[in-house]
Every structure is written in structure tokens, then in C-alpha cells.
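Two chains, two frames, a set of hints: combine them into the complex.
Note that the protein sequences, when read in sequence, are chains A and B.
Taking numbering that gives the first Met the number 0, the leading residue of the first sequence gets 0, the next gets one more, and so forth.
Taking numbering that gives the first Met the number 0, the leading residue of the second sequence gets 0, the next gets one more, and so forth.
Rather than coming from a laboratory, the hints here were simulated on the basis of the structure.
Nothing false has been slipped in among the hints.
Below, simulated DSSO-like cross-link-like pairs (lysine-lysine); rule was C-alpha separation at most 27 Å, straight line:
| no. | chain 1 | residue 1 | chain 2 | residue 2 |
| --- | --- | --- | --- | --- |
| 1 | A | Lys11 | B | Lys117 |
| 2 | B | Lys22 | A | Lys27 |
| 3 | B | Lys56 | B | Lys90 |
| 4 | A | Lys27 | B | Lys124 |
| 5 | B | Lys90 | B | Lys167 |
| 6 | B | Lys22 | A | Lys43 |
| 7 | B | Lys117 | A | Lys27 |
| 8 | B | Lys174 | B | Lys129 |
| 9 | B | Lys143 | A | Lys11 |
| 10 | B | Lys9 | B | Lys143 |
| 11 | B | Lys168 | B | Lys124 |
| 12 | B | Lys26 | A | Lys27 |
| 13 | A | Lys43 | B | Lys69 |
| 14 | B | Lys90 | B | Lys168 |
| 15 | B | Lys56 | B | Lys26 |
| 16 | B | Lys168 | A | Lys27 |
| 17 | A | Lys27 | B | Lys118 |
| 18 | B | Lys118 | B | Lys90 |
| 19 | A | Lys27 | B | Lys90 |
| 20 | A | Lys43 | B | Lys14 |
| 21 | A | Lys43 | B | Lys56 |
| 22 | B | Lys117 | B | Lys159 |
| 23 | B | Lys26 | B | Lys14 |
| 24 | B | Lys26 | B | Lys69 |
| 25 | B | Lys124 | A | Lys11 |
| 26 | B | Lys69 | B | Lys12 |
| 27 | B | Lys129 | A | Lys27 |
| 28 | B | Lys168 | B | Lys118 |
All values reported here derive from a predicted model rather than from experimental measurement.
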Amino acid sequence: MKKENPNDEFLKDVYPILFEKRIDLDTKPPEGYFQNLSDRVMDKIHALPESENKSSAKIFELVNFRNIAIAAAAAIFLALTPYFKTILNPETPALHSNDNDAYPENDLIDLDSYAAEVELYDAYAAEGLSAVLNTRNLTDDEIIEYLNLEGYSDDLILENI
Amino acid sequence: MHDRESELVKRLKQKSTREEGFKELIKIYQEPLYHHIRRMVGNHQDADDVLQNTFIKSWRFIDDFRAESKLYTWLYRIASNEALSFLRARKNMPSGDNEATEQMPTSTDGPDAETISKKLDAALKTLPEKQRQVFDLKYFSELKYEEISEITQTSVGALKASYFHAVKKIEAFLKSN
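Only chain B is shown next, with the shape it has when bound in the complex (with noise of 0.2 Å):
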């Protein structure tokens, strides 16, 4: 993976090849991209919007990329720091069903996974953006604290205790509903 990455790095780099080799990023991120973004925002139409912007921002500031990081830790770095900026923007505007409300399935037979999932949704709006950050990049995407520490320029005692706080918000959470 190191050595595809690095040679993806070397064509986006020259002008020549530029063209081509940030077709194959987009076809190689764009999906563990669109879910983190997608956990983040909510929903699909807007998730689409960043990820998008994502992607041009990346074109953009290409040449700024210097391989001392990852590949995959910069691009995770500008979708964060995108979907982040979406929802504050998302906040201070004038308030519509921006993020709609889960309804809470209510069954008898115990918890299934379909439920627990939902209520996980719900208790994850429920967390403060740079949490929820964390937690999806923890939890979901299952990146190393080093690397969501690259990514959130947060040391990793911070991501820990964050993501601890996180956690038994979404316990508390989920007991009481």
C-alpha cells in the first residue's frame, strides 16, 4: 500500500500525469471518505457536498502535500476539517430539520443489531462535532490514535480522553432510551 501510495504521489505531483493519478485518489478514497463524512453530517445530500469539496481542496493544495504524512491521514485531515466546517456552518443557519431526529424503534424482544445501530445514529448527534469526530475515526474507521492525531492535530492523551468522554456519553445515552 506504501509503495502504491508513493507512486500515486510521484504522478499527482507532475503536471503531466496529474490529471490521471487524482482520478485513481478519488476511486481509492472516495469511499472510506463518503461514510466518514456521511457519519459526521448526516445525510447523504450533504455528505455528497463535502465530499465533493473534499476532493477539490485536495486538487487544489496538491503541490502543499510533502509526504512526510500519509496520503490517506492528509485526506482524512481535509474531509474532517470540511465536515467540521459544514456543521458549525450548518448551525448558525436559520434552524430547519437539518438534522432530522431518529425515531427511537421500540421493540420486546430485546435489542437487535438494526436498533442498537439507530440509537447509536442518535446518540452520536448528541455529541459535541469535535467528539463525534473522534469517535467515528476511532470506532468506525478504525484508525490508530497516531493517525487521528495527524489528522485532528490533537495529541493522542487528548484523542484518548475524548474518546473516553465520548463513549460514556453514548452509554448514558443508550441506557436511557
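Looking at chain A on its own, in the form it has when it is part of the complex (with noise of 0.2 Å):
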């Protein structure tokens, strides 16, 4: 029976049997096995090919390399990332300086129907001017001045009256 393991008191708990018997398996090896092992091992060893044979600081050197070299690529592969996303994804609204062209595929805006800025411009000018000269009897300049307050110019008005 074996002494008893202090580091294996949870074993008494948990399954007082096998703390208890200590059991051993019949590991017993055939009869003179241990007496000439080291000389089958060097036998063995001095068989072994020369590249096998050497120590291992060459295998040791080329395994560092390899990391090294894994960690390198996974660095640059890292730095050029952003690269590669604005080659993959060209087509960003950021990279746009004409923001009409940013939704080409946006079906619900037809940008050619739309009127050019002066003329919508000018139609709500024209609307809100009309607007104000059927509600009320304004002289001229007050509507030049209501108009001035509104933020239309003064070449727009005078077109208008």
C-alpha cells in the first residue's frame, strides 16, 4: 500500500475506497527489461540519421523563424487593411465630392426630373409673392421690405413686381 498522498485528501471524500486501498496496477514488466534498456536506446539513437541525430538548436532556429515570419505577414496583412477595405469598397459616400452621385442606385430619386435650384427658387418666390399680394394692400416697399426680411435678394424681387 502506498503512504498517503496529502495533496489527495479530497479523494477520501469523494471516494473513500480507492483512498483507502491505495490500489496499484500490475504494471510489472517482463523479467530484465530495465537491465539493458539504455543500451537499446543508444543503439537506437546512434542509428538515427545524421539530421535526426544533431541537437536541436538548427530545428529550434528555423521554428522562431517561422514565427517571426508568421507574426510579420499577420503585421503587415494588419497595416493594410484599411488599404485593401477602400480598394474593395470603392464606392463610399465619403470618397464623393458631388453628394448626387453618392445614391445611384436610390430608384426613388430621379435627380433629372428635379428642377434646377434658381427655378425652384424662383417659383417659391413667386408663390410666396403672390401669396402676400392677395392677402393685403401693400405698397411696393413694403413688400420689397417684407421680402428683404424673408431673405430673397433684390434682383429676385425686382424681376417679380
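Right under this line is the structure:
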């Protein structure tokens, strides 16, 4: 029976039979096995090919070099990832100066059907002006003053009055 | 033991005394390593192959041993890994009688030591390889958790859990047989 192992106290609680009996398995080798084991091992070592019999320093260096190469490749890849992103996703809105081109596939927006900005502005101005004129009897100066306060330019006002 | 080990390591590191030192290493560690491997792989023939491979590998990588751990934990690590590799390779081989199932001895007089020993051997064969390894190193080789941690590169907490589960499985097996 083996001596009590102080580290194995928990075994006493979990499975007392194993703790109390301290069972040994039958692992006895054949008679005389250990007597010439060292000679048999050394014979095998001497029979190894030259490359396997050398010290492992070279292998250790190769492994290190491989690890360094892998780490360097990973670092280069990470550094180039933003560059790859811009190549693979060129159609990002931020890269385009013309905002209209940022939505090329939006079927709801037909840019050609929109009037030019000036035409829109004129239409609104005219509408606003006629609305004012319809509701009140105002002098031209009052109208001009009002429109100026609303932010309309003098050119636009004079064009429509 | 520590002085003897450090002296041995010095001889192993010098090319002029390496072979002589290595023979001494084999003589010191052959028995504990053999029993550990034998309990893992189950029979003498396979244990002999794995043990010799263990020593050959330790010869080839002796320059890598930096004496940060003890020599025997380093050797145990090689031996354990060799045994586990052997078991995995054997699992993938066409099935033969790779691990002969133990006959369950019957006795009406209650379990004697031999009976329990054979039953325990059968129970161990049902454990996953890693659990078997941990149980062997703890129960039979009586190593500390910290030493087993170095050998298996597993945390002490995980080892305790693994050992606990192994013991519970063995208990269940023995009670049902």
C-alpha cells in the first residue's frame, strides 16, 4: 500500500475506497527488461540519420524564424487592411465630392426631374409674393421690405414686381 | 535530488559527457516513466515502444531543456505526450484488439485487492485520454497539481476538475460492475 498523499485529501471524501486501498495496477514488465533498456535506446540513437541525431538548436531556430515570419505577415496584413477596404469598397459616399452620385441606385430619386435650384427658388419666391399680394393691399416698398426680411435677394424681388 | 539533477543536467549539456549522462538519465527515470506509460497504453509491447520513443525524443531535444522546470517534469511531459499521440493513432487504426477488455473477476467473498485492481484498470480504460493522464499522474505517480500543471500545460483549477470527474466516473463504473 502506498503512503498517504497529503494532496489527495479530497479523494477521502469523494471515493474513500480508492483512498484507503491505494490500489496499484499490475504494470510489472518482463524479467530483466530494465537491465539493458539504456543500451537498446542508445543503439537506436546511434542508428538515427545524421539530421535527426543533431542537436535541436537548428530546429529551434527554424521554428523561431517561422514564428517571426508569421507574426510579420500578420502585422503587414493588419497595417494594409484599411487600404484593402478602400479598394474593395470604392463606392463609399465620403469619397465622392458630388453628393448626387452618392445615391446612384436609389430609384426613388430621379435627379433629372428636379428643376434647377434657381428655378425652384424662383417658383417659391413667386408663389410667396403672389400669396402676399393677394391677402393685403401693400405698397411696393412694404413688399420689398418684407421680402428682404424673408431673405429674398433684391434681384429676385425686382424681377417679379 | 535537486543537486543530483542539476549535476546530471550539466553533463547532458556538454557534448563530451552527454552520452554517459544520458545513460544515467535512462537508469534513473526508466521505471517511473515506464509505469506511467504502461498505465496509459495498457500493455507492455506498446509501453516499450512509447518509452523508447520518449527517450529518443528527449535526446534530440536536450539542448532545448533550459532547467526552468525540473528534469523529471520535462521527461514526464514528453512521455505523456508520446503516450497520448500513440493512443490517438491507435484509435484511428483499423480495429483489432487494441485494448483487450479485462475480464471482470467475480467473487462471492467480496472484492479483494486484485479484483479491485483489475476493475480499476478496466475503469481507467473508459476514461477520455486526458482524464486518464491526469488521474494517473495524480493517483499513481502522486505528483502535485503544480507539477502536473507543468507536464500537461493545464491550469491547476482545470486539473482539479478533471481529476474530480475522473474519480466520479471510476466510482460509477466500479459500483455498476
